[in-house]
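Those sequence lines, one after another, are chains A and B.
Everything in the first sequence is counted per numbering that gives the first Met the number 0, starting at 0 for the first residue and increasing by one.
Everything in the second sequence is counted per numbering that gives the first Met the number 0, starting at 0 for the first residue and increasing by one.
Please keep in mind that the hints were generated in silico from the structure rather than gathered at the bench.
A portion of the hints provided could be inaccurate.
Identical copies carry no separate label here, and so any pair may be met within one copy or between two of them.
Listed next, the in silico BS3-like pairs over lysine-lysine satisfying Cα-Cα at most 30 Å (straight line) [claimed, not checked]:
id, residue 1, residue 2
1, LYS174, LYS448
2, LYS448, LYS157
3, LYS157, LYS429
4, LYS174, LYS75
5, LYS174, LYS382
6, LYS157, LYS75
7, LYS382, LYS54
8, LYS54, LYS157
Protein chains: 2
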Amino acid sequence: MVHTKFWGRLSLAEGTYRYQQLQQWILQGIIDGRWTPGDRLPSIREICTQQGVSKATVQHALQRLEAQGFLEVRPKAGHFVTLAPKATAPPRTTSRIEAPRPVNVSDLLLDIMDRNAAFDLLPELHAGELPPGIVSLNRAIGRALRRQRGADFQYYDKPAGDLKLREQLGLLLAKRGWPVTPDELCITSGCQHALFLALMACCQRGDIVAVESPGFYGVLQLLEQLGLQVIEIPTSTASGLDMDALEEALGRWNIQTCVVSPAFATPGGALMSEAPRRRLMALAEEYDLAIIEDDIYAESGFSRVPDTLKALDDSNRVIHCSSFSKVLSRDLRLGWISGARWHQRILNLKMVTQLASSRYLQQGVAAYMEEGELSAHLRRQRKLMSEQRDRLLASLLAWPVSVRVTAPQGGLAFWLELPATVDTLAAYPKALDAGVVITPGPLFSASGKYGNCLRVSFSHPWDERRIRALNQLPELLHLT
Amino acid sequence: MVHTKFWGRLSLAEGTYRYQQLQQWILQGIIDGRWTPGDRLPSIREICTQQGVSKATVQHALQRLEAQGFLEVRPKAGHFVTLAPKATAPPRTTSRIEAPRPVNVSDLLLDIMDRNAAFDLLPELHAGELPPGIVSLNRAIGRALRRQRGADFQYYDKPAGDLKLREQLGLLLAKRGWPVTPDELCITSGCQHALFLALMACCQRGDIVAVESPGFYGVLQLLEQLGLQVIEIPTSTASGLDMDALEEALGRWNIQTCVVSPAFATPGGALMSEAPRRRLMALAEEYDLAIIEDDIYAESGFSRVPDTLKALDDSNRVIHCSSFSKVLSRDLRLGWISGARWHQRILNLKMVTQLASSRYLQQGVAAYMEEGELSAHLRRQRKLMSEQRDRLLASLLAWPVSVRVTAPQGGLAFWLELPATVDTLAAYPKALDAGVVITPGPLFSASGKYGNCLRVSFSHPWDERRIRALNQLPELLHLT
Chain A
0 MVHTKFWGRL SLAEGTYRYQ QLQQWILQGI IDGRWTPGDR LPSIREICTQ
50 QGVSKATVQH ALQRLEAQGF LEVRPKAGHF VTLAPKATAP PRTTSRIEAP
100 RPVNVSDLLL DIMDRNAAFD LLPELHAGEL PPGIVSLNRA IGRALRRQRG
150 ADFQYYDKPA GDLKLREQLG LLLAKRGWPV TPDELCITSG CQHALFLALM
200 ACCQRGDIVA VESPGFYGVL QLLEQLGLQV IEIPTSTASG LDMDALEEAL
250 GRWNIQTCVV SPAFATPGGA LMSEAPRRRL MALAEEYDLA IIEDDIYAES
300 GFSRVPDTLK ALDDSNRVIH CSSFSKVLSR DLRLGWISGA RWHQRILNLK
350 MVTQLASSRY LQQGVAAYME EGELSAHLRR QRKLMSEQRD RLLASLLAWP
400 VSVRVTAPQG GLAFWLELPA TVDTLAAYPK ALDAGVVITP GPLFSASGKY
450 GNCLRVSFSH PWDERRIRAL NQLPELLHLT
Chain B
0 MVHTKFWGRL SLAEGTYRYQ QLQQWILQGI IDGRWTPGDR LPSIREICTQ
50 QGVSKATVQH ALQRLEAQGF LEVRPKAGHF VTLAPKATAP PRTTSRIEAP
100 RPVNVSDLLL DIMDRNAAFD LLPELHAGEL PPGIVSLNRA IGRALRRQRG
150 ADFQYYDKPA GDLKLREQLG LLLAKRGWPV TPDELCITSG CQHALFLALM
200 ACCQRGDIVA VESPGFYGVL QLLEQLGLQV IEIPTSTASG LDMDALEEAL
250 GRWNIQTCVV SPAFATPGGA LMSEAPRRRL MALAEEYDLA IIEDDIYAES
300 GFSRVPDTLK ALDDSNRVIH CSSFSKVLSR DLRLGWISGA RWHQRILNLK
350 MVTQLASSRY LQQGVAAYME EGELSAHLRR QRKLMSEQRD RLLASLLAWP
400 VSVRVTAPQG GLAFWLELPA TVDTLAAYPK ALDAGVVITP GPLFSASGKY
450 GNCLRVSFSH PWDERRIRAL NQLPELLHLT
């Protein structure tokens, strides 16, 4: 079962506190139905012995689960499960492969983007203070602006981008198994821009591109605009691309390129482990595939940041794409690409479609990284996101129907599978009327699949209004 | 003669000081050979009477020409011409039209861009203070960064861009005969990005696109990357696109799109007057052309900013593209597009290839415009550029060979036509060895034309080192 394998990884996770691991273990136990509402959990002492942890660790974990509403304490009796374990199973994945087709994604995304809403139920809710990591980021950019001298403003930056920023990115990526030199990197206007350059560089009109399904709508839209054909490879929201399905598809169709997000892929936060990664690279070799690695969520990993797929690339065929949008700021519009054998063409395309990136901005971000501010921000951010994920899961468990979901170890969202009768696309305008913007499942497919699925993000704080909006969802989706 | 017509426009120019008009009139007289070295100019009183200006105006103009080395004062005798009028004629334009062809522009541009050198002989020379207009621009952006609140950083901006910025752009464009609403504008990462979106939206692979020749290399590179065919329409560096040639080409080939820069087109700063503009629009109607207006130099006009071509667009077929790069800062990477009948597709393409632009940056620039800072900067900039243009012209007149050139009324560069034996492409690496980056003529053609031409920019101050580099050019080009 997918979530058992997933859990196996969880308990081995490094870098999280023991209490967090324990908390996750208990939560998954409730989701899996090991304990049902009314059940008493093992005693603190039993858990200590069984899991090899201290009493304080167990207390800390139970206290947080109680605060989240999963447990209640009955004096002199112990901890009891309170919520109906309705979010019990991971979403089902289909292993049916459909023939390649031209892409035709709806204008829904433009509407969602027009509402600034890709990751929020309530995009009008911008209130509150900036986190300290963003305050210092903005200061670093402000300093770079004030340091502008002479005729700096009269020159375009080099197409590849600021050397210092590329050096800092090299340091970040070297920690992930990939010693990359600045020459191999090109700065872009975000990851979407990097993916666009990658597809422009390695594909010809009419080529067949394999993508994850469910998978990132931005890639589907790019394929549509570039006149490429798509083949959707079934993908688990826990373990990623179904390698058997990919191999079968490669045998049946002349696929030239595969876009894959090995680390916490949207919509479900799947993490590909090493074996399928090696198998992917072997298949790429056998079928002479270009691989486009969408790495944008990697640094969000709650307990660890996985290595890049690029680290396994012996034959210069993995184009690595990423940006700061998911872990730092979506308003920076700063990403990067490493173009493998297509790098020179990508540099040309970057220049021809955009000339250059802002130098002051790159200098500001490079200084921010150099001063260790990014690392500090990422540490705080991972803790916060893991808490917000737990909070969302707690709310989902209270829904009146069974929801299939996997709790990811990174990324920013859950992928919910609702009863087959639910139509999330039809619910979109109705939810809008209620002031709530949902992200319907069919957005993540080139063929209108996943009508009963929904991506729900935990990237924003669960204040009262967002919790209210979340609690409205079952009614807006006609689950009640 | 082209420069006579050109002069006719000059004397009618509004918005320049009388002394500037007079200075230009005398300079053009020297270029045209009305006065040769050693000649005495008419007396101050004679000029007053003849031109209907005050004595102070004449003195001011003569003083500046003296400072530039064109004149010398001989006490009790008058003002005498000192420099040999070798830059006597405007560059010749060919009226030969060649058949459409696929574009194949060299990697030269990437090399030039890698040296930050598109507009400077000495790109390493960044010293000096920022102009006040850039200091206040950077402050405005810094303020916008400090005003970021709440979760602003967690949202992508709308694909069309910040409403306030689009409103400000609307006010700017309305002054140029085109009352445009914010809904019709989309913010881009500079004008090159806008041109890319325009061509993606209105062309199909293999389409034939008419361009100015000599014309902007960025458009040629785009056509190459997008697999479009180009037809080069002979273009005068004084009056722009040769409309007879365009009409002939339209009759002979199935041209779908025409890219045109009616206001101070690079490389020579040509300005299309109203009659050819109206004729262009009539031809567009007759042949159902999409017109892409590259408007990037318009606000540089020394004496006046011409209307947009878009102002004459009755049938929603002119896509207007521009940015702040040429008149404010090349490091902003902020431009705009108005997509006419293709606007919705352009919004989609903007989103799909880049998602959004930085909101803080747009807010900063909008505030800068709203506070009148941009207008003030443009006023100072126009005066400075007109002075630097005169300075460059004065240097060229001292060259040991005949140079054909038109002094433009806007833009940032001269187009020099040198003797037919000169090979500017071959001179590029030799000049590099001497630390000078030139911009060879063939860059401005899809078919290697203009080997004896050169674009020389006056956008940087003529300090001692740049004057030395400029004076080295005749030797580097084997003119001596």
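Quick rundown of the hints versus the structure:
1. LYS174 to LYS448: The answer is neither: 38 Å in one copy and 50 Å across copies each exceed 30 Å.
2. LYS448 to LYS157: Answer is between; shortest inter-copy Cα gap is 27 Å, intra-copy 43 Å.
3. LYS157 to LYS429: between (48 Å within a copy, 22 Å between copies)
4. LYS174 to LYS75: neither (49 Å within a copy, 80 Å between copies)
5. LYS174 to LYS382: Answer is within: at 20 Å inside a copy they meet the 30 Å cutoff, but 53 Å across does not.
6. LYS157 to LYS75: Neither. Shortest intra-copy (69 Å) and inter-copy (56 Å) distances fail the 30 Å Cα cut-off.
7. LYS382 to LYS54: within (22 Å within a copy, 77 Å between copies)
8. LYS54 to LYS157: Neither, since 57 Å and 50 Å both go past 30 Å.
Checked against the numbered hints above, the structure violates hints 1, 4, 6, 8; every other hint is satisfied.
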